[in-house]
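Turn these sequences into a full structure, and let the hints guide you.
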Amino acid sequence: MSASSRGSSVRPTVYSRSVDEEERFGVIRMRGGRYEQPGLPLVGAAELRRYEQLVQRVARSLFMREHPKRKRAPRNFGQSISLRLTAIEEGCVIPVLSRTSSGEDTLFRSGDYLEDARRLINDALRGFNSESQQLDRKFPVDCLQELASFGRSFTKDEFVEFSDNGENAAIFDIGVRQRIQQVSRLESLEVELLLHGQVTGLRSDPQRFDFLTGERKLTGSYLDPATWSELHAFEGFAERAPMVALSVVAQQARSGEIVQIQDVLGIEAALPPEWASRLETLSQLRAGWLTPDSPPPDARSIDLAEQLLLACVDEGIGRPGIFPTPEGGVLLEWSLANVEIDIEFPPNKNFAEASWFQEDETGEGSKEIDSENIDALVDFVREAWV
Amino acid sequence: MSSNWVELQPGESIVPDGGEKLWRNINPGWIDAGAISKQAFLPFPKDDYQLSCARSSKVDAAEHHREFTEDFGFASVGVWSVTAKDVSEAELRSIDDSEAGYGQAKKPAGHAYIDYRSCESGNARKRSARHLREAAHKEHPLEEG
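Chains as they are written, first to last, in this note's numbering: chain A, 1013 to 1398; chain B, 4 to 148.
Think of the hints as simulated: they come from the structure by calculation, not from any bench.
Idealized CB from N, CA, C, for every residue including glycine.
Wrong hints could be hidden among the right ones.
What the hints assert, rightly or not - With a Cα cut of at most 25 Å, we get these calculated SDA-like pairs of lysine to any residue:
1. A/Lys1361 - A/Asp1315
2. A/Lys1361 - B/Trp8
3. B/Lys141 - A/Lys1379
4. B/Lys109 - A/Ser1306
5. A/Lys1229 - A/Pro1218
6. A/Lys1379 - B/Pro144
7. B/Lys49 - A/Asp1305
8. A/Lys1150 - A/Lys1229
9. B/Lys109 - A/Gly1300
10. B/Lys49 - A/Val1271
11. A/Lys1229 - A/Ile1183
12. B/Lys61 - B/Glu92
13. B/Lys49 - A/Pro1358
14. B/Lys49 - A/Ser1378
15. B/Lys141 - B/Arg58
16. B/Lys49 - A/Leu1297
17. A/Lys1379 - B/Glu70
18. B/Lys49 - B/Trp8
19. A/Lys1229 - A/Asn1385
20. B/Lys141 - A/Leu1348
21. B/Lys49 - B/Glu70
22. B/Lys109 - A/Asp1305
Stated by the list, open to error - Cβ-Cβ distance ranges computed for the label pairs, FRET-style:
23. A/Pro1053 - B/Lys141: 34 to 44 Å
24. B/Glu146 - A/Ala1058: 29 to 39 Å
25. A/Ala1058 - B/Lys141: 52 to 62 Å
26. A/His1244 - B/Trp8: 40 to 50 Å
27. B/Arg69 - A/Ala1299: 22 to 32 Å
28. B/Gln12 - A/Thr1303: 21 to 31 Å
29. A/Asn1385 - B/Arg69: 42 to 52 Å
30. B/Glu137 - A/Glu1269: 21 to 31 Å
31. A/Lys1379 - B/Gly104: 56 to 66 Å
32. B/Pro144 - A/Pro1359: 52 to 62 Å
33. A/Pro1359 - B/Gln12: 31 to 41 Å
Claimed, not checked - Derived list of chain A stretches under chain B, where covered just means 3 residues or more per stretch with a C-beta under 8 Å from a C-beta of chain B:
34. 1186-1192
35. 1324-1336
36. 1345-1356
This is the structure we're talking about:
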């Protein structure tokens, strides 16, 4: 392939051997959001693994239903019902899953249980797709947790179609997932999401940490011991903890509230290093920094300023000057060519003082804005910027 | 030019509206990524909207910096200057109060202040402070080379 052809277009990802239709494990289409690009996002591979676990769990449950006198499934049951990704076909993302052959199927017809499990899952999803939004009565209730675990990484515009042959597909999306939670009366669901906040405590045994997000303090755990050092780098002791973006697996209550962090998938500073460093500098100022009676910047003022800066990063608003004020507050100062915009967080106040003026005196304004209403503060900056 | 000027106190005099430099020490907190906050040129209510400075005709920048940091014990990364003309263009006045008998027991040599008392709003003060910040030049210490 020439250099020019490499850069000219993105070819669909097709890794394939010839797939025997007998082996093919239904038809799966992953669509929307990240699945509209060529290739399978790796987060999608994790979802396929969760799908396999769901299928295995349902197959095992079906086996136990047919063998009520047995206390457990055969020892090699799990190995014999595993799935393999054998191709990704052209289209949105169409992973081709195939059944493995263990050679011992004759003992307990594992292949049949696997196929029955697949159909039962599809029927269960169709039940949630229908107007009644009911769970198929044949679906084993002891597998609801696994059913609800699937799709934890999906965003609201992503969904999966499950079918036998591409027709009459059962849809799985966030809405279905929430209905599963309601019907099965699960108190919470596993979700993957990004949280912004501060690491305020950290322990290595057990592997736990405290995380302050907004006004809420969450308890979190992490599975990989190496995560300790990553969290430690952002932990606040005597010094103020910087705002971080934490990619997590969390338990989300039916109300939508995050109740617990189960694992940390990634952590990074929420602000660009230079911005965070400047806030750190402000947090280290001591009383008398300007005059003998000057208080240091108030911790809450710094936190509020950080939240607004975080929103500025998200909104593509440029870095302001970040300054202490003589009264112990924090001032964010945008000095543009003909416009000056100030957002000041005074100490011990529940409002921010927002002001702007044009240098040529053709416009100006000022008002007090609820200091926790970050959206309103961003809007003020945006409108003054124009 | 404002018509709301506050009457001068005994011992105060207007600094002539020309090219004389007025020194202003800058606190380290007022500089972020090389940029100066307009707060460095903005007096506050507790200062009665008078911004302290010193006249170049009475003290040089290096001595003013030494006196400010060593004798008075304040933090300063250096001395910046604006001219009396810059002050006038910002719709403010420069007032020499070194001979006035009020205020602090000991004033820095050649003390003067930039008078913001006639500004009618917070934004008016900020606009003038921005003007001075844009006009200011660093005078001491100057980088070698």
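Okay, the hints, checked on the actual structure:
no. : hint                             : result
1   : A/Lys1361 - A/Asp1315            : holds (13 Å)
2   : A/Lys1361 - B/Trp8               : violated (33 Å)
3   : B/Lys141 - A/Lys1379             : violated (34 Å)
4   : B/Lys109 - A/Ser1306             : holds (20 Å)
5   : A/Lys1229 - A/Pro1218            : holds (18 Å)
6   : A/Lys1379 - B/Pro144             : violated (39 Å)
7   : B/Lys49 - A/Asp1305              : holds (12 Å)
8   : A/Lys1150 - A/Lys1229            : violated (41 Å)
9   : B/Lys109 - A/Gly1300             : holds (20 Å)
10  : B/Lys49 - A/Val1271              : violated (48 Å)
11  : A/Lys1229 - A/Ile1183            : violated (36 Å)
12  : B/Lys61 - B/Glu92                : holds (23 Å)
13  : B/Lys49 - A/Pro1358              : holds (16 Å)
14  : B/Lys49 - A/Ser1378              : holds (21 Å)
15  : B/Lys141 - B/Arg58               : holds (15 Å)
16  : B/Lys49 - A/Leu1297              : holds (21 Å)
17  : A/Lys1379 - B/Glu70              : violated (40 Å)
18  : B/Lys49 - B/Trp8                 : holds (19 Å)
19  : A/Lys1229 - A/Asn1385            : holds (20 Å)
20  : B/Lys141 - A/Leu1348             : holds (21 Å)
21  : B/Lys49 - B/Glu70                : holds (23 Å)
22  : B/Lys109 - A/Asp1305             : holds (18 Å)
23  : A/Pro1053 - B/Lys141: 34 to 44 Å : violated (52 Å)
24  : B/Glu146 - A/Ala1058: 29 to 39 Å : violated (55 Å)
25  : A/Ala1058 - B/Lys141: 52 to 62 Å : holds (56 Å)
26  : A/His1244 - B/Trp8: 40 to 50 Å   : violated (60 Å)
27  : B/Arg69 - A/Ala1299: 22 to 32 Å  : holds (25 Å)
28  : B/Gln12 - A/Thr1303: 21 to 31 Å  : holds (23 Å)
29  : A/Asn1385 - B/Arg69: 42 to 52 Å  : holds (47 Å)
30  : B/Glu137 - A/Glu1269: 21 to 31 Å : violated (49 Å)
31  : A/Lys1379 - B/Gly104: 56 to 66 Å : violated (42 Å)
32  : B/Pro144 - A/Pro1359: 52 to 62 Å : violated (33 Å)
33  : A/Pro1359 - B/Gln12: 31 to 41 Å  : holds (33 Å)
34  : 1186-1192                        : violated (count 0)
35  : 1324-1336                        : holds (count 5)
36  : 1345-1356                        : holds (count 4)
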